[in-house]
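From just these sequences and the hints, can you work out the full model?
2 protein chains.
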Amino acid sequence: MTRNEIQEKRMRGYFIQAASEILRSEGMRALSVRNIADRAGYSYATLYNYFKDVRELIFECVKVFMDEARTMIETERSKVAPGLPGIRRAAETYAMFFVQYPGVFNIFFTEKPNEIAGAQPTLALIYSFLDEICASDWKQIEESGSLPKAVISSKKDSLRFSLAGILLLYLNRRMAPDYSAFKKMLNKELDNILSM
Amino acid sequence: MTRNEIQEKRMRGYFIQAASEILRSEGMRALSVRNIADRAGYSYATLYNYFKDVRELIFECVKVFMDEARTMIETERSKVAPGLPGIRRAAETYAMFFVQYPGVFNIFFTEKPNEIAGAQPTLALIYSFLDEICASDWKQIEESGSLPKAVISSKKDSLRFSLAGILLLYLNRRMAPDYSAFKKMLNKELDNILSM
DNA sequence: CCTAAATTATTAACAATGTTAATATAATGA
DNA sequence: TCATTATATTAACATTGTTAATAATTTAGG
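Top line first, the protein sequences correspond to chains A and B.
First residue of the first sequence: 933, per this note's numbering; consecutive thereafter.
First residue of the second sequence: 933, per this note's numbering; consecutive thereafter.
Where hints are given, some of them may not hold.
No distinction is drawn between identical chains; accordingly, a pair holds when it is met within one copy or between any pair of copies.
[What the hints assert, rightly or not] Straight line, CA to CA, 27 Å or less: simulated DSSO-like cross-link-like pairs of lysine-lysine: (1) K1011 - K1071; (2) K1116 - K1081; (3) K1011 - K1087; (4) K1115 - K1081; (5) K1115 - K1088; (6) K1044 - K1116; (7) K1011 - K1120.
Hints were generated in silico from the structure; no laboratory data involved.
No experiment lies behind these values; they were computed from the predicted model shown.
Set out below in structure tokens:
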């Protein structure tokens, strides 16, 4: 990595840091180019020397959040036994992460992707995010032979869709319940899917 | 209804019509106050004589779309036997409606509600939308005694969450598959939930 | 060490957005 | 027909993302 590349990476980091701070605390609505640049200590136009447009910057933030979520989920997952309990704990933590950062959920699942190279792979990563973290758990269940492959695959899908759906409805207030009612619902749903 | 109320309703109708046409064909992104007013044949400021703000107008469009979806779903539902087949057909049509109008899905499920009176009830209506249409079907299943109440309630929830989730992932391109692959997935998921 | 060239940052400017205030037009009633 | 009221329109403002024109800074070469 040449000196210039180091500097460039650093500059990008400043803007990414600033943007993700805003997204975390105030959400997508409060984000603006001038906003980000202010917090990073630069003028708004400077941002365009390091990012094609604001969407590229936002997708960089997505990567940051994904790393953060992955760490959080893996930490929790490692506290319980591999296999079914691991998946269960991972799913719960996955949900809790988004409850903590509702703005991040919307960026992950509802923001329109742009045409920059590398956006589509990131989206695919979001889709299979939980599966990857739980890969070893699913593998263990498969190898135990207690469930046919097709059923396992179905359960993976169900988990994906249900989690996305319940979070969508709860975080965007299409669902009346408060947090504790939501959590009860989530647990019931996880019971349904992960009962084997 | 006084003469003025008739006129006012008519004017609101023009704007609602214009806005929903844009939403249907070009989606939320293309919607703007000037855009709507142009198509309605008025100046942009005139809109504010009939709506508090553009969000109120959008929520009026939501109601229009809900009526439309309800009609479509009920028509399809009536083509099959009551009970399980009715629910199945209704769920499929529900999904297809949003596939046809992806912008409407985002307004229904991801748009931030505003503080206008009447918004929260509309949101609750979205949440229980499919349940209401299928109320008689669910009732029949319950009365047949083939399933415990608790299981029925679980299945309702699962259906809600899974549909929301799979549509979210498909319509916002977090899922790679094309339309036919999506439909296969949807059917598999419905099989899972509605197998009794 | 000083100047020329290249790099990087900033200000100015544009078009588009939602919204409000000031003004013009139309409808109504005496 | 004229005064009043209701309704529509234009002007204006503050924000938004983005680009072009400048200003400041860093780098290279003598």
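Do the hints match the structure? See the list:
1. K1011 - K1071: within (18 Å within a copy, 43 Å between copies)
2. K1116 - K1081: between (29 Å within a copy, 18 Å between copies)
3. K1011 - K1087: within (23 Å within a copy, 31 Å between copies)
4. K1115 - K1081: Result: close only across copies, 21 Å inter versus 29 Å intra.
5. K1115 - K1088: both (20 Å within a copy, 17 Å between copies)
6. K1044 - K1116: For K1044 and K1116, only the inter-copy Cα distance (24 Å) is at most 27 Å; the intra-copy one is 31 Å.
7. K1011 - K1120: within (22 Å within a copy, 33 Å between copies)
Hint compliance for this structure: no hint is broken.
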